[in-house]
Amino acid sequence: MSSTDAIIDELLQLDPSLAAKREELVQMVEQIQAAQPNMQATAEFRQQLLQDLRRKMPEVDAAPSYFFSFFSLMDNRFFFAGGGAIVGAFAVLAWPHINQTVLKPMPEADDMYNRSEIVALEPEGFGSLATPSMGMARGQGGGGGAGGGYMPMMDSSVDEKMMATDSTMIAPYDYYRTEYNYNGDITLPNGDVQVYMRTRPTSKPSASSLPKGFAQGMVDWSRFGNMQVTNINLQQPDSTGFSVNIDYSEGVVSMYKMITAAERPDMYCNEPDCWERNRLHESDMLTDSEVIRIAQDFASEYGLDLSGYGEPMVQDDWRMWYEMSTEKADYYFPEQMTVTFPLLIDGKPVYEEYGMPFGMQIGVDVRLKEATNMYNYYLAQYEQSAYKAVTDKERIADVIKRGTVYGWYDENAKVATATLGTPADGFMSYYRWDPETQTSKNLLLPALIFPVTDRDSTVTDYRKNVVVPLVEEAYQEEVYPMPRPMPVEPLEAPAVEPAVMEDLGE
Amino acid sequence: MQDDVSLVAAYKQGNAEAFEELYQKYFDQIFGAVYMRTHHRQTAEEIVSQTWLQALQKLHTFKSSKGSFAAWLHRIARNLVIDHYRSFHLNTPIEDVWDLSDDTDVAQDADTKLQVANLREHMKQLEGKQRDILLLRIWHQRSFADIAEIMGTTEAACKMSYKRSLEKLQSLFVLLFLLTSLFHVIN
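Chains A and B are the protein sequences, given in the same order. Position one of the first sequence corresponds to residue 1 (the numbering used here), numbered consecutively onward. Position one of the second sequence corresponds to residue 1001 (the numbering used here), numbered consecutively onward.
Hints are not guaranteed to be accurate.
Said to hold, decoys possible - Pairwise CB distance ranges, derived in the manner of DEER restraints:
#, chain 1, residue 1, chain 2, residue 2, range
1, A, Gln27, B, Gly1014, 51 to 57 angstroms
2, A, Glu122, B, Thr1153, 36 to 42 angstroms
3, B, Arg1086, A, Ala20, 18 to 24 angstroms
4, B, Lys1025, A, Glu370, 52 to 58 angstroms
5, B, Ser1087, A, Thr260, 58 to 64 angstroms
6, B, Lys1025, A, Ser17, 35 to 41 angstroms
7, B, Thr1061, A, Asp238, 23 to 29 angstroms
8, A, Glu122, B, Arg1086, 37 to 43 angstroms
9, B, Lys1025, A, Asp220, 47 to 53 angstroms
10, B, Gly1014, A, Gln48, 21 to 27 angstroms
11, A, Ser222, B, Ala1156, 56 to 62 angstroms
12, A, Leu188, B, Gly1014, 38 to 44 angstroms
13, B, Lys1025, A, Asp238, 51 to 57 angstroms
Stated by the list, open to error - A few chain A residues facing chain B, derived, Cβ under 7 angstroms:
#, residue
14, Pro37
15, Met39
16, Ala41
17, Phe45
18, Ile186
Note that these hints are calculated values from the structure, not bench results. Computed from a prediction, not measured in an experiment: that's the story for all the values here. C-beta: ideal position from N, C-alpha, C; glycine also.
In isolation and in its complexed conformation, chain B is listed as follows:
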């Protein structure tokens, strides 16, 4: 299998199959990453469609010297997710679904909403990029090298962010446990 740089070069020379190879390689990744940030299948499909269309339209501008194709593609997807939530003109800046309030009208898949209910308040305490790194590692089980490439940063920075996110969450979990215990004691 050719590397991404070769595939992009091949596409620019008119080999449509090269783009398809990139599509097959990154489709699941992109969809998973978008769904992770939207929790709504239809929204994810729309954003993923736009992501690939933009990739197709802008592929002639991609330069490998400025970063990997994966990072470029994920950046397009991430920006589209941010644009999507900004289009709702909510009072507070929303980058993805985790930032939404519990009583929001913004569409989410019901089963996913239920699934992540216990996690939502904790994840809100993290910044968007911190969430991405954390969930790319735990949910998507991507290596730090991959995550670094996706996020357009260094592996060390990803590890540091990951550690701090878990520490923060851990302290939040402990706090919640203590508060819950205190509640039971009082009652």
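Isolated chain A, as found in the complex:
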């Protein structure tokens, strides 16, 4: 029975006397039905509205928000349950040393800074994860901080003749590459894996009520319409206070302490004697546990929420370089030791593709024995989408051996070896450049993290972990080999006659 007939029959049940007009009623109902437009909302609108509502949920019972509502401590009333979803901690900062009474309330302060969330998308919702020429564009994207780890480097190491930090700097002729050996079993996931993408804030605070100070009368601000605050730097008036940067575009906060000459005389040395007088020695260096304690105390003092981060790790590569140095008396000890709190996704730590932990970093000044900077403190907002897991064990074995999925190395380089331990589940931070939007996506790919348990001590390979992504598309990137630097041989004769300088004399 057609829907028209059903409607007519129903109508006739209401009023049987209408049976005489059945034919006309059918025509009329058909005309009404034919006029029905498409009344479906788009999936994008549906999802976007839901995201907007989620952000507004804590605001329902909240007091009026001020410009620094970003920094207010939040009540963790609302939670998300469900498989695969994580409730990150609310990313907040308390500012006991900043006088908030001078700050005016901003009526359009974005409440989305008041919670962390993971939004599930349809499968492969981030598009293709494979990008050509990404071998040249590895490393930190985003902004607002010094980065979550080390910058990309080639996979070749140098032998011990090349010392990075003492007075003997010899241009290397021999390049080494490390082959990583793992003899255990590898279990690959079946089907799909969940890829996460850190999302940037979609709105920014209005600049309409932002006090412009001396600039108020210099420009006709009304010409700019409704401007937004994209980045702001705040500074304590104290000469040894903190400068805080809020990047509303990236959703990240960073801070650094201003240091005076009295605290760090070495920073203002202009002559070798001054530098020699003020240099650090091995006895000045802090232990890892001391550095971690200082960083944790700093986080606690300033209300940094560490619940979304894992066990802190100290970047201690300087120890490796120092051990290998042949002129230890001249060794330059770092002024700062950095603690990385690795980001946790689904309870698992995130690593850079070259094996360093990826997350918030707190720098501890060795002389001052204080934390003096903090970077990569991002909003914990992500989207999640399913992607096909890699199944090719041979491809995985090749990546393990090379030590990275994207790195390049010189085939002609000498080979050093390292041993890997049992892998743990984790994520790999991966920045994918989108040429169409001219932005980078910070993707977090499920990965196996193989710890380096043993290495050739004569080769300066800093890598502590080998990170192997488990997403099929991550293996589709083309790796472009880089040319090996040509060693410069001394010429027997000058290529050109040296210019003869006339002695101009007096």
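Use these hints to put chain B onto chain A, whose structure you have.
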């Protein structure tokens, strides 16, 4: 799946997923109902957004003893549609798109405007609530029980309104047919 009363109660106790469940359950309904009254996708999106935001903001005031959640939600949407058209300060009271004149400047999707062109003059003869009941039944194919809940009235009242609307339209269709036929005869 929990009923609406349980979901509202759960949300009030801090379970955000409960609100999401309500959202997923009623989103299509609300959007369809709003679009039915606006014929303009962007306007419908704005009104639907406001509807859900108001629902979120006022959910703590919702009392199941005064009616169903569906009726409450639809009422918010309907009021927003009315407010939207009143904001144009037109000379005649406009409750939704059907009341607009043919030469109006108020935005409508072109394809929808064309689609409903034959129906517009007839639907104008009905009151807003009559149109809602009729179109919820014929376009959205909702049961009278659902419609009654949405409209905040009884099933019997909905059926009566529905019947009368169709009768009125039927007589208008007949009149139009006669006038058209007469026109052809004369010419």
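Hint by hint, here is what the structure shows:
no.	hint	verdict
1	A:Gln27 - B:Gly1014: 51 to 57 angstroms	holds, 55 angstroms
2	A:Glu122 - B:Thr1153: 36 to 42 angstroms	holds, 39 angstroms
3	B:Arg1086 - A:Ala20: 18 to 24 angstroms	violated, 42 angstroms
4	B:Lys1025 - A:Glu370: 52 to 58 angstroms	holds, 54 angstroms
5	B:Ser1087 - A:Thr260: 58 to 64 angstroms	holds, 59 angstroms
6	B:Lys1025 - A:Ser17: 35 to 41 angstroms	holds, 39 angstroms
7	B:Thr1061 - A:Asp238: 23 to 29 angstroms	violated, 48 angstroms
8	A:Glu122 - B:Arg1086: 37 to 43 angstroms	holds, 39 angstroms
9	B:Lys1025 - A:Asp220: 47 to 53 angstroms	holds, 50 angstroms
10	B:Gly1014 - A:Gln48: 21 to 27 angstroms	holds, 24 angstroms
11	A:Ser222 - B:Ala1156: 56 to 62 angstroms	holds, 59 angstroms
12	A:Leu188 - B:Gly1014: 38 to 44 angstroms	holds, 39 angstroms
13	B:Lys1025 - A:Asp238: 51 to 57 angstroms	holds, 55 angstroms
14	Pro37	holds, 4 angstroms
15	Met39	holds, 4 angstroms
16	Ala41	holds, 4 angstroms
17	Phe45	holds, 5 angstroms
18	Ile186	violated, 36 angstroms
Of the hints listed earlier, those the structure fails to meet are numbers 3, 7, 18, in rising order.
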